[in-house]
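Each chain, letter by letter, is given below.
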Amino acid sequence: MSREISARPRRRLGKAILVSLPFLLLSTMMLMGASAGSQGNTLFLVPFLVTFAFINVLFFMMMYTGKTDRYRAVFFITMAVGFVITFIANLLEVRGSMALSAANMVRGETPFCHMVIPMTLIPAALTRTIIFPGRILGGFADVATMFTLWIGASLALGRGFCSWGCFFGGLEDGFSRIRRKPVLRRIAEKWTYLPYAVLIVVVALAALSLSPTYCEWLCPFKTVTEFAAVTSFKVAVQTAMFVSLFIGLVVVLPVMTKKRTQCGLFCPMGAFQSLTNKVNAFEVRIDREKCNDCMRCVGVCPTYSIDKASVSKGVTRISCTKCGKCVDECPSGAVSYHVKGTPVTGRTGGARMLFLYPGFIFLAVFGSGMIQGALYRLLLLLTTGSMIK
Amino acid sequence: MRKLKSFVGYTWALTALPLVLATFIGLNTWAKSLADITGVKISPWHSGGEVARVIRHDGFKTAINEPVFRGLIGERKRGFVQVKWTPDEGRRLPAMVDDSIDLDADGTTDFRVRLDTKTNEAQLDPYNPAVVGLIQVFDLGNERAIRVRLLNPHRGDTRQ
Amino acid sequence: MEPLLLGLSNGTICLAYCAPVLVPFFLGEGAGTRRNIPLLLEFLLGRLIGYLVFAVLAWMLGLLLLPTLVWHQVIFGGAYLLLAILLVVYGFSNLKSRCSWESAPGRLKTLLLRWPAAVPLALGLLTGLNLCPPFLLAMTRAAATPGILHSVRFFVLFFVGTSIYFLPIPLVGAFSSLKSLQVVGRLACGIMGVYYSYLGIVMLHGGVGHL
Chain A
-10 MSREISARPR RRLGKAILVS LPFLLLSTMM LMGASAGSQG NTLFLVPFLV TFAFINVLFF
50 MMMYTGKTDR YRAVFFITMA VGFVITFIAN LLEVRGSMAL SAANMVRGET PFCHMVIPMT
110 LIPAALTRTI IFPGRILGGF ADVATMFTLW IGASLALGRG FCSWGCFFGG LEDGFSRIRR
170 KPVLRRIAEK WTYLPYAVLI VVVALAALSL SPTYCEWLCP FKTVTEFAAV TSFKVAVQTA
230 MFVSLFIGLV VVLPVMTKKR TQCGLFCPMG AFQSLTNKVN AFEVRIDREK CNDCMRCVGV
290 CPTYSIDKAS VSKGVTRISC TKCGKCVDEC PSGAVSYHVK GTPVTGRTGG ARMLFLYPGF
350 IFLAVFGSGM IQGALYRLLL LLTTGSMIK
Chain B
9 MRKLKSFVGY TWALTALPLV LATFIGLNTW AKSLADITGV KISPWHSGGE VARVIRHDGF
69 KTAINEPVFR GLIGERKRGF VQVKWTPDEG RRLPAMVDDS IDLDADGTTD FRVRLDTKTN
129 EAQLDPYNPA VVGLIQVFDL GNERAIRVRL LNPHRGDTRQ
Chain C
-18 MEPLLLGLSN GTICLAYCAP VLVPFFLGEG AGTRRNIPLL LEFLLGRLIG YLVFAVLAWM
42 LGLLLLPTLV WHQVIFGGAY LLLAILLVVY GFSNLKSRCS WESAPGRLKT LLLRWPAAVP
102 LALGLLTGLN LCPPFLLAMT RAAATPGILH SVRFFVLFFV GTSIYFLPIP LVGAFSSLKS
162 LQVVGRLACG IMGVYYSYLG IVMLHGGVGH L
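Chains as they are written, first to last, in the numbering used here: chain A, -10 to 378; chain B, 9 to 168; chain C, -18 to 192.
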């Protein structure tokens, strides 16, 4: 077998530093702004500095090696773990429990999660109310703030939000990288349409019941965030369902398939977010002139967003989350980030840069608080013996 | 044409970074503007609805909310009303709250509730056929609230 | 709102199985969007008539069962559960289903093709009389409503929910992803079946408790 020669030359060190400098300045500005007010405290300063260095080293490595996914994934997974630690610790501190009581909901204390967004739109349009027991403004993760973040991410990144923003996706991303080789390689193509079916059903039922159906019945991530206290048979059934879905779709299947099965085969928010790929400037394309049809991109895509049919057309499916794994894997450099409206062939480095800057800045700013929070909790544990104050 | 498409594409792509930066830098401002422009509120099915009347008692007040019947389109046959008891500043609610509630201020008691604020058990006596029964008692720290199931008088027959 | 949303979540099935018959018909007429709109309206009228026939049948079924109030919840709960399981199997399996037009007798087809004006109406009627699991579930729900007007209202709203997906048909070019729609619709059916299974169990449990 002839040696495959990478079509993507490594950047020289100087060029990599030059290209990373603006990112260093931007991240300094954004992270300093986000952490204002807590910098005097040593317990906050160390996590801030560690996170700042972490972000910039990863970005530099992206520029230096020309690889995207492996460095993106490191931050993405760390962010997800950080989110879980921070969220649970905060709940235990404030409420003493991960369980959400009816009183919490009546008081509007439930943090608004982006997964609810598709279900809220029809009721919001017809009744001008948000069917969620949270707050419109004020408090942690209020509705208006989360909507604003989602709108900005969708316009800038499209479904890239799922690989450069969603803190739940990082958990599966992590589990999918445990094994070297998958145990389950093939999955029937029809299951890749399941997220759209789930989306239709939860949106319809949410509008019917004026209640966030997916959150109540199906969201697997309640296992690692918060959930309704089990006070009735109905809630017990709901609890059994979301715990089973977490174990199955977030842990077991990603380990066995090396894919993000919850994201690619179930998540209705992901299905909804796929539509935002239509209003986004970026996509991943396959240069048919360079492509040798080895199908390695199909094998590595974590969300089933490339198949033989799409490769033959030189495109990815609408569900592409722009994680960069196929771009890194392609031995002939045929797969690349692409700006819509521009030629597919030729130099692709510019398109990659144009995407990575907003993508990684979003990831860094959105996730830095979670990582800092987790580091702070770990420092608390080391210094006081407990993660909660 | 090809050059024009490329120009538009790159311009569109170049807006992504400023968009991300603007989202974070102006997050609070954008969020407030979004809330103001849309005028959305939390659904009364979750928030309990707007306060209709507040009745003062000795040491506490009773807030009676507007009954909640709003559906996706029109009103539902069944809804609820939320009633909340709040103690005065620096005080606690009495051990037993015995309150007669007139929902529509027509001078007629619609239901009576006896709430034990220590055990959070409540007994409800309906006097209006539209009052179905107690849904739940909420312990809100110093405050207590209940939700009472109602039949919608605007949707015809109020028999259960 | 429930029948409307039941129709919305199951309507892709109705479209996806009948569109392969409808789309060639519209293309065959060859008259473009302007002519296709009245054809579509005629087709939808045929479907509505089919649905109203079932509305009356559902009401009659309800009349038979409602007097026996003690068994009301048990019968309907059991029916829900069975149909819901059928819906789950139908939704998640690879079982084939055919549009009623394909199952119609050859003589009927020949007769209709001699009377072209009646074809869209007949197509609509036949697709409206298709006994697919979502439809059977809608029928069970309608049978549980009190009164013929409620049953008719239920089916009219169900019809509206399913018909939304037919509206783009005059723009025949919009069907490049027909297979995807078919798959999504079928899976949505399966998920709705899981939801109705829960409702059936709750209803059955309530009914058994009252016996």
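Calculated directly from the structure, the hints in this document are not laboratory data.
Be aware that one or more of the hints could be misleading.
[What the hints assert, rightly or not] Just the calculated beta-carbon pair ranges, DEER-fashion:
#1 C:Val34 with A:Ser221: 35 to 45 Å
#2 B:Ile45 with A:Ser375: 38 to 48 Å
#3 A:Leu115 with B:Asp114: 27 to 37 Å
#4 C:Val34 with B:Leu148: 49 to 59 Å
[Stated by the list, open to error] Heads up, incomplete: computed chain A residues facing chain B, CB under 7 Å, no partners named:
#5 Val95
#6 Ile125
#7 Leu126
#8 Gly127
#9 Ala130
#10 Ala270
#11 Val354
#12 Gly362
Ideal placement from N, C-alpha and C gives every residue a C-beta, glycine not left out.
Now for the hints, and whether the structure bears them out:
At about 41 Å, the CB distance of Val34 of chain C to Ser221 of chain A agrees with the hint of 35 to 45 Å. Take Ile45 of chain B and Ser375 of chain A: their Cβ atoms lie about 44 Å apart, and the range 38 to 48 Å holds. Checked against the given bound of 27 to 37 Å, the beta carbons of Leu115 of chain A and Asp114 of chain B, roughly 31 Å apart, stay inside it. Checked against the hint of 49 to 59 Å, the C-beta distance between Val34 of chain C and Leu148 of chain B comes to roughly 54 Å, which is consistent with it.
The beta carbon of Val95 of chain A comes within 5 Å of a beta carbon in chain B, closer than 7 Å, and the hint placing it at the interface holds. At its closest, the beta carbon of Ile125 of chain A sits 5 Å from a beta carbon of chain B; the interface hint therefore holds under the 7 Å criterion. Of the supplied interface hints, the one on Leu126 of chain A holds, with its beta-carbon coming within about 5 Å of a beta-carbon of chain B, less than 7 Å. Checking Gly127 of chain A against chain B: minimum C-beta separation of about 10 Å lies over 7 Å; hint violated.
The interface hint given for Ala130 of chain A is broken, as the beta carbon of that residue sits about 11 Å from the closest beta carbon of chain B, more than 7 Å. Hint status for Ala270 of chain A: holds, given a least beta-carbon distance of 4 Å to chain B, under 7 Å. Taken as an interface hint, Val354 of chain A checks out: its beta carbon lies about 5 Å from the nearest beta carbon of chain B, inside 7 Å. Because the closest C-beta pair between Gly362 of chain A and chain B is about 17 Å apart, greater than 7 Å, the hint is violated.
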